[in-house]
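There are 2 protein chains.
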Amino acid sequence: MTLGFDTPVLNRLAHVSEAHGALALGDRLASLDRWVRADLVDLEAELAAIPRGERVVHLAAHHLLDRGGKHLRPLCVALASRFGDGFSPRARSLAVAVELVHSATLLHDDVIDVADRRRGEPAARIVYGNAASIFAGDWLLVVALRRIAAANVDGLVESMLAVIEEMIVAESVQLERRGRVEGAREDYTRIVEGKTCALFRWAMQAGARVAGLTAAEQAALDRYGLHLGFAFQAVDDELDFAEGNGTGKDPLVDLREGKMTYPLVVALERDPSLKERIVGLLEAGASDAELATIAQRVRACGALTATRRLAEDHMQRSLEALSALPAGPARDALETVSLASLQRTS
Amino acid sequence: MTLGFDTPVLNRLAHVSEAHGALALGDRLASLDRWVRADLVDLEAELAAIPRGERVVHLAAHHLLDRGGKHLRPLCVALASRFGDGFSPRARSLAVAVELVHSATLLHDDVIDVADRRRGEPAARIVYGNAASIFAGDWLLVVALRRIAAANVDGLVESMLAVIEEMIVAESVQLERRGRVEGAREDYTRIVEGKTCALFRWAMQAGARVAGLTAAEQAALDRYGLHLGFAFQAVDDELDFAEGNGTGKDPLVDLREGKMTYPLVVALERDPSLKERIVGLLEAGASDAELATIAQRVRACGALTATRRLAEDHMQRSLEALSALPAGPARDALETVSLASLQRTS
Chain A
24 MTLGFDTPVL
34 NRLAHVSEAH
44 GALALGDRLA
54 SLDRWVRADL
64 VDLEAELAAI
74 PRGERVVHLA
84 AHHLLDRGGK
94 HLRPLCVALA
104 SRFGDGFSPR
114 ARSLAVAVEL
124 VHSATLLHDD
134 VIDVADRRRG
144 EPAARIVYGN
154 AASIFAGDWL
164 LVVALRRIAA
174 ANVDGLVESM
184 LAVIEEMIVA
194 ESVQLERRGR
204 VEGAREDYTR
214 IVEGKTCALF
224 RWAMQAGARV
234 AGLTAAEQAA
244 LDRYGLHLGF
254 AFQAVDDELD
264 FAEGNGTGKD
274 PLVDLREGKM
284 TYPLVVALER
294 DPSLKERIVG
304 LLEAGASDAE
314 LATIAQRVRA
324 CGALTATRRL
334 AEDHMQRSLE
344 ALSALPAGPA
354 RDALETVSLA
364 SLQRTS
Chain B
24 MTLGFDTPVL
34 NRLAHVSEAH
44 GALALGDRLA
54 SLDRWVRADL
64 VDLEAELAAI
74 PRGERVVHLA
84 AHHLLDRGGK
94 HLRPLCVALA
104 SRFGDGFSPR
114 ARSLAVAVEL
124 VHSATLLHDD
134 VIDVADRRRG
144 EPAARIVYGN
154 AASIFAGDWL
164 LVVALRRIAA
174 ANVDGLVESM
184 LAVIEEMIVA
194 ESVQLERRGR
204 VEGAREDYTR
214 IVEGKTCALF
224 RWAMQAGARV
234 AGLTAAEQAA
244 LDRYGLHLGF
254 AFQAVDDELD
264 FAEGNGTGKD
274 PLVDLREGKM
284 TYPLVVALER
294 DPSLKERIVG
304 LLEAGASDAE
314 LATIAQRVRA
324 CGALTATRRL
334 AEDHMQRSLE
344 ALSALPAGPA
354 RDALETVSLA
364 SLQRTS
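The listed protein sequences correspond, in order, to chains A and B. Heads up, our numbering is the position in the first sequence plus 23, with the first residue counted as 1. Heads up, our numbering is the position in the second sequence plus 23, with the first residue counted as 1.
If you are wondering where the hints come from, they were derived from the structure by calculation, not from laboratory data. Just so you know, not all the hints are guaranteed correct.
Same chains, same label: a pair holds when it works inside one copy or across any pair of copies.
Below, simulated SDA-like cross-link-like pairs (lysine to any residue); rule was C-alpha separation at most 25 Å, straight line [what the hints assert, rightly or not]:
#, residue 1, residue 2
1, K282, L82
2, K282, I149
3, K298, V176
4, K282, E77
5, K282, R78
6, K298, R203
7, K93, S54
8, K93, V276
9, K282, G152
10, K298, L129
11, K282, A47
12, K282, V176
13, K93, R140
14, K282, R140
15, K298, H85
16, K282, N153
17, K93, R203
18, K93, D277
19, K93, D336
20, K282, G76
21, K298, R140
22, K282, L63
23, K298, A53
24, K93, R57
25, K282, E144
26, K93, G206
27, K93, R320
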């Protein structure tokens, strides 16, 4: 059967889509949009209403928040809650909190990575300075934790603190990796699970708990969050190699910073001659021409295809996790999020 | 009456001391030491038992924690708790938490201030890097908040989050002040209340609440914490101008960084000709010779005496706050802490 898309990946996706809901992705997205639009409007309004203090720390935080972003993690809270009591004001407050924690990590990451751009604009640290950006991240964490405490759902403050600790340890592993190429695959998994998956898992759990789901349903959504997060990160890694991507970050910025993305993990395994160049890059940086050469070699050994396959594999597993949940619009919506996560260009 | 000390300040202190307990400071300190030694031994043991992970973030955190420090904030928790149920395991856990929050702020401050030394050793950021030092601070905050959540005293997680927010806003005011000399006195008060007093207040409240004190007793201890914190900061400011002080920081480091300490606030008011030099310092930094000249001028206009007077005034007010509390060894102990805080050289 020809599914009407002009790339194998889209065909594969449509195939998966068909197997799980008999709708093509475009129709699925339109349906998802209709179903959650009101929730998302409320969410955006609440995010926009985060207090705007007069200090530089507040300005730096809002510089990032006002750029928007995909709001995928709050969407996870919303959709998980829809299996139970729905996107109540408490659920919405938790959704805002997860976005604030995510934003806090971006503010800190951009300082650590000496990044210049974020979401198509100069990073907060460029406009307001590194110190303001660090304090802005701290402030958003505090605002998020206060919201979670106020929502008063048993164990959620503690589990968010555990997530933040996981993220910090993953950042630490990533720091220690800089300049090293050994053990790349093992550490890659560890870093992604800590830096990306942990917060997606929390978003799913928070939505599930606040809406009164059973322990089995919570566990299924937790697994969904893990695999969605991993798929999301793999696509992120792939986008670093896409010319003129829509992320608002510079292309090859991860490569320039010597971050061990999945394409690099694969390329190091497949093209041992690349190792020396990458060690050189990690130790002394690289010119734009040298970066382009490395990127070309990474592409040539099929590392981007392998990365796409990793993303697809995790997407598939996220769909499998959903099978433990009742069929209906909430499950359809999460399937759509998984399918769409592989199509994003930003 | 001659009180036997050879400086006016000590005489004044001994006078205050006499009025409040008829014991000289040395005897008071010996008595305090006997009374809380067992509590402090337990506290040190629990601080030493903070998990030692293998990552650079853990190493950076323990680099600071292992240097010790005065542990004045945990002592506040211990002494407040002694008005009620005593220094229970839960109270001890809160005492550890307040020290971890304090340590977190030092790790972040040293990055922001580009400080080289802390507690007589190279700062964590020098040994492990700025990124590790930032993450180490984040990690200690998380460990502290988890402890506070586990202690399960109503409202303490929320009040610590409010304190951290106050500290961040104060840091932000301080950042914005850099390079400016206007409004120094007003902002100085605001910064000290946020950066220093808020955490002392929390320490007193935490000890009071976990030990079951009345609301009136809690309020009195909160006031005590406010004024003890202010006195402590004023002495800190004074120590920046002391040659060969025992703080383990470089002398004049606050001045070099353009921090608006109280001696500078006073000097700007008393010696307008200093304004130009200080603006120059703030804008372009200063040579060691220029720093020494400014320090000399600050001393010459009596700014250090004024700073000492500010510290004494707050010390006095901390003693007054205690009058609402029952007389006994706990109150004696807090009086001693106030009196001793003016004598410290580190």
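To see whether the hints hold, each was checked on the structure:
no., hint, result
1, K282 x L82, "between (29 Å within a copy, 22 Å between copies)"
2, K282 x I149, "both (21 Å within a copy, 23 Å between copies)"
3, K298 x V176, "neither (49 Å within a copy, 54 Å between copies)"
4, K282 x E77, "between (36 Å within a copy, 21 Å between copies)"
5, K282 x R78, "between (33 Å within a copy, 18 Å between copies)"
6, K298 x R203, "within (10 Å within a copy, 51 Å between copies)"
7, K93 x S54, "within (18 Å within a copy, 61 Å between copies)"
8, K93 x V276, "within (20 Å within a copy, 44 Å between copies)"
9, K282 x G152, "both (23 Å within a copy, 17 Å between copies)"
10, K298 x L129, "neither (29 Å within a copy, 39 Å between copies)"
11, K282 x A47, "neither (35 Å within a copy, 61 Å between copies)"
12, K282 x V176, "neither (37 Å within a copy, 42 Å between copies)"
13, K93 x R140, "within (16 Å within a copy, 42 Å between copies)"
14, K282 x R140, "within (17 Å within a copy, 30 Å between copies)"
15, K298 x H85, "neither (41 Å within a copy, 35 Å between copies)"
16, K282 x N153, "both (21 Å within a copy, 18 Å between copies)"
17, K93 x R203, "neither (32 Å within a copy, 39 Å between copies)"
18, K93 x D277, "within (20 Å within a copy, 42 Å between copies)"
19, K93 x D336, "within (22 Å within a copy, 54 Å between copies)"
20, K282 x G76, "between (35 Å within a copy, 23 Å between copies)"
21, K298 x R140, "neither (28 Å within a copy, 38 Å between copies)"
22, K282 x L63, "neither (33 Å within a copy, 44 Å between copies)"
23, K298 x A53, "neither (45 Å within a copy, 64 Å between copies)"
24, K93 x R57, "within (17 Å within a copy, 60 Å between copies)"
25, K282 x E144, "within (22 Å within a copy, 32 Å between copies)"
26, K93 x G206, "neither (32 Å within a copy, 42 Å between copies)"
27, K93 x R320, "neither (31 Å within a copy, 56 Å between copies)"
Checked against the numbered hints above, the structure violates hints 3, 10, 11, 12, 15, 17, 21, 22, 23, 26, 27; every other hint is satisfied.
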